[in-house]
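Mapping to the working numbering: the sequence shown position 31 is 31, numbers consecutive.
Derived by calculation from the structure, the hints in this document are not laboratory data. One or more of the hints may lead you astray.
Straight line, CA to CA, 30 angstroms or less: simulated DSSO-like cross-link-like pairs of lysine-lysine [to be verified]:
#1 K270 with K141
#2 K471 with K487
#3 K270 with K367
#4 K157 with K88
#5 K6 with K141
#6 K487 with K6
#7 K492 with K88
#8 K264 with K492
#9 K88 with K6
#10 K141 with K264
#11 K88 with K141
#12 K141 with K487
#13 K157 with K7
Label-pair ranges, simulated between beta-carbon atoms [as the list claims (entries may be wrong)]:
#14 L44 with A399: 24 to 32 angstroms
#15 T21 with S41: 25 to 33 angstroms
#16 E485 with R37: 23 to 31 angstroms
#17 A450 with D50: 55 to 63 angstroms
#18 E102 with Q153: 35 to 43 angstroms
#19 Q449 with Q8: 25 to 33 angstroms
#20 A58 with Q449: 31 to 39 angstroms
#21 E280 with D52: 39 to 47 angstroms
#22 Y491 with T100: 18 to 26 angstroms
Virtual Cβ for every residue (Gly too), placed ideally from N, Cα, C.
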Amino acid sequence: MMRMNKKQLSRFAGVHFPDLTPALIDEAYDRAEVRIRRLLSEALLNEAVDLDAVSLEARSRLTEELEDCINNLTLSYLQYERDCLRYKGQYQSIFDYYHTEEQDASLFEQCCYEGHPFHPMSKTKLGFTAGQVLQFAPEFKQQTAVMTVYIHQDLMKSEGLLNLAAAEAPPGYGVVYVHDWQWGHVITSNYQTLIDEGLIRLGAPVQAAPLLSFRSLLTPEAVIKTAVSVQATSAVRNVSRSSIENGIRLGRYVDDYYRRHQYKGCYIQKDVYGSWFHQEDSDPQFACLIRERIAEDSAVPVVAASLINRSFVTGELIMTDCIGARSAHDFMRRYTQLLMTATYRLMIETGISLEAHMQNTVIAVEKGLPVAVYIRDFGGIRVLNDDVPINDATNIRAANEADLFNVMSHAVIYNHLLQIYRAAADAGLIDYNNCLLILEDVVTDIHQQAEPSEALDLFRQPTLKVKALLKMRLMADARDYNYIEVKNPLYKEVL
1 MMRMNKKQLS RFAGVHFPDL TPALIDEAYD RAEVRIRRLL SEALLNEAVD LDAVSLEARS
61 RLTEELEDCI NNLTLSYLQY ERDCLRYKGQ YQSIFDYYHT EEQDASLFEQ CCYEGHPFHP
121 MSKTKLGFTA GQVLQFAPEF KQQTAVMTVY IHQDLMKSEG LLNLAAAEAP PGYGVVYVHD
181 WQWGHVITSN YQTLIDEGLI RLGAPVQAAP LLSFRSLLTP EAVIKTAVSV QATSAVRNVS
241 RSSIENGIRL GRYVDDYYRR HQYKGCYIQK DVYGSWFHQE DSDPQFACLI RERIAEDSAV
301 PVVAASLINR SFVTGELIMT DCIGARSAHD FMRRYTQLLM TATYRLMIET GISLEAHMQN
361 TVIAVEKGLP VAVYIRDFGG IRVLNDDVPI NDATNIRAAN EADLFNVMSH AVIYNHLLQI
421 YRAAADAGLI DYNNCLLILE DVVTDIHQQA EPSEALDLFR QPTLKVKALL KMRLMADARD
481 YNYIEVKNPL YKEVL
């Protein structure tokens with residue numbers, strides 16, 4: 001794809017954002033560049049990365065990814081400014097807008113304008129043109145076509161139960177849902193002969209709203225997770241057979257465990273069906289996963305990552321809009337209770353450690369308070385329990401309890417709760433140390449229900465291991481998970 005410099009991007013943005021001034025466009029680019037360069041510098045320092053020791057190819061790739069990220073973040077900032085021009089001051093909060101305009105859960109998924117709080121490539125989408133970023137990325141709030149593709153039953157496999165009204169296939173065929181971009185750029189190129197022979201047929205498209213992970217799309221009946229062979233953040237977004245099988249089986253197992261052991265307010269947003277092209281082997285580029293849609297009745301489903309982004313209605317954090325006149329202390333306590341019960345208690349009791357970072361967690365909010373937590377996506381979890389049915393091809397079987405705790409410390413503590421606490425403190429909602437006291441109280445309560453081993457005890461670990469995201473991206477010989485260590489604010493030395 002053609003790489004655009006600042007001048008070219010400004011010209012492109014001027015065409016697509018004619019309601020914004022050239023000065024505002026330049027300011028958005030400068031903001032994006034400063035942010036990404038700062039995140040890169042912090043990552044290089046924190047992860048002790050020596051760029052001189054990195055291959056020339058990897059450094060060139062890094063430059064390409066950073067430039068792409070800066071351009072895409074610029075466009076995202078411009079979309080936020082456009083949304084503010086349209087809606088700021090017209091409603092009391094983004095929740096007022098949600099109810100008045102009869103929005104759905106995709107609203108909050110599409111409000112994550114800034115991306116990951118410390119990943120320097122959080123807006124990278126290598127493989128998309130700038131126009132395709134505007135068309136398919138969630139911030140730009142465009143509908144995306146999900147192609148209904150019928151595949152002859154001898155050329156596909158599936159797992160689970162497909163129960164969608166639009167999924168009825170011709171006799172002898174099954175269904176794989178395909179992202180619009182993937183159909184036009186990958187499937188028609190790789191499988192034209194089978195298409196010509198009628199073994200692969202194109203059905204009616206389903207209109208859908210892209211969610212935080214742009215290849216996951218909200219339809220009237222379900223969420224459809226598609227394969228898109230584009231590098232988003234640090235990985236190409238395919239759907240493997242093992243991830244389908246594990247998502248369905250583990251989701252069912254954990255959600256059932258929640259119900260049987262009175263995990264009040266804790267749920268899995270379950271994967272219920274997956275299908276993939278299979279001839280001599282499975283093709284992760286030609287596969288899909290169907291996920292339950294969270295009910296939207298009295299409570300509003302809010303993806304956790306949106307809470308630290310700004311509301312285009314008020315200009316405040318969405319978390320501020322969410323809390324409203326409620327007590328921030330009550331909000332944080334309930335939030336922490338739900339998330340730590342669904343993850344930390346589960347890990348202690350079952351040997352299953354969920355990767356519940358902010359992108360994988362949806363909080364159901366009612367009248368300014370969290371009432372339920374939904375966790376999705378089982379790709380990065382770890383399991384130390386031989387009774388749990390999993391496909392080992394994805395390497396999610398933990399070697400020891402330290403593996404379990406590392407997922408917890410990275411995803412749930414550092415990448416989720418501590419980021420929520422810091423954002424709330426910076427916004428003046430609550431003191432950061434008060435948040436840590438809430439977390440300490442919640443962990444103490446959980447220990448009264450489920451006694452952890454020393455290796456799983458949050459109070460007994462002097463440091464937390466956090467993924468070295470940049471190093472993992474740069475080093476060709478890096479293992480799947482490289483970590484740095486940060487101080488554990490809840491550590492209690494045993495005398």
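Now the hints, each set against the structure:
1. K270 with K141: Holds, at about 25 angstroms.
2. K471 with K487: holds (20 angstroms)
3. K270 with K367: holds (25 angstroms)
4. K157 with K88: The given pair, whose Cα atoms are some 48 angstroms apart, is violated under the 30 angstroms limit.
5. K6 with K141: Holds. K6 to K141 sits at ~24 angstroms (cutoff 30 angstroms).
6. K487 with K6: violated (39 angstroms)
7. K492 with K88: Answer violated: K492 to K88 is near 46 angstroms, above 30 angstroms.
8. K264 with K492: holds (29 angstroms)
9. K88 with K6: holds (28 angstroms)
10. K141 with K264: violated (34 angstroms)
11. K88 with K141: Within the cut-off at roughly 17 angstroms; holds.
12. K141 with K487: violated (39 angstroms)
13. K157 with K7: violated (48 angstroms)
14. L44 with A399: 24 to 32 angstroms: Distance hint for L44, A399 holds at roughly 29 angstroms.
15. T21 with S41: 25 to 33 angstroms: Holds - the Cβ-Cβ distance for T21 and S41, about 30 angstroms, lies within 25 to 33 angstroms.
16. E485 with R37: 23 to 31 angstroms: Holds, at about 25 angstroms.
17. A450 with D50: 55 to 63 angstroms: The hinted range 55 to 63 angstroms is violated for A450 and D50, with Cβ atoms some 43 angstroms apart.
18. E102 with Q153: 35 to 43 angstroms: Given range 35 to 43 angstroms: holds, Cβ gap about 40 angstroms.
19. Q449 with Q8: 25 to 33 angstroms: About 58 angstroms separates the Cβ atoms of Q449 and Q8, which means 25 to 33 angstroms is violated.
20. A58 with Q449: 31 to 39 angstroms: violated (47 angstroms)
21. E280 with D52: 39 to 47 angstroms: Check passed, 44 angstroms falls within 39 to 47 angstroms.
22. Y491 with T100: 18 to 26 angstroms: violated (46 angstroms)
In summary, the numbered hints that this structure violates are 4, 6, 7, 10, 12, 13, 17, 19, 20 and 22.
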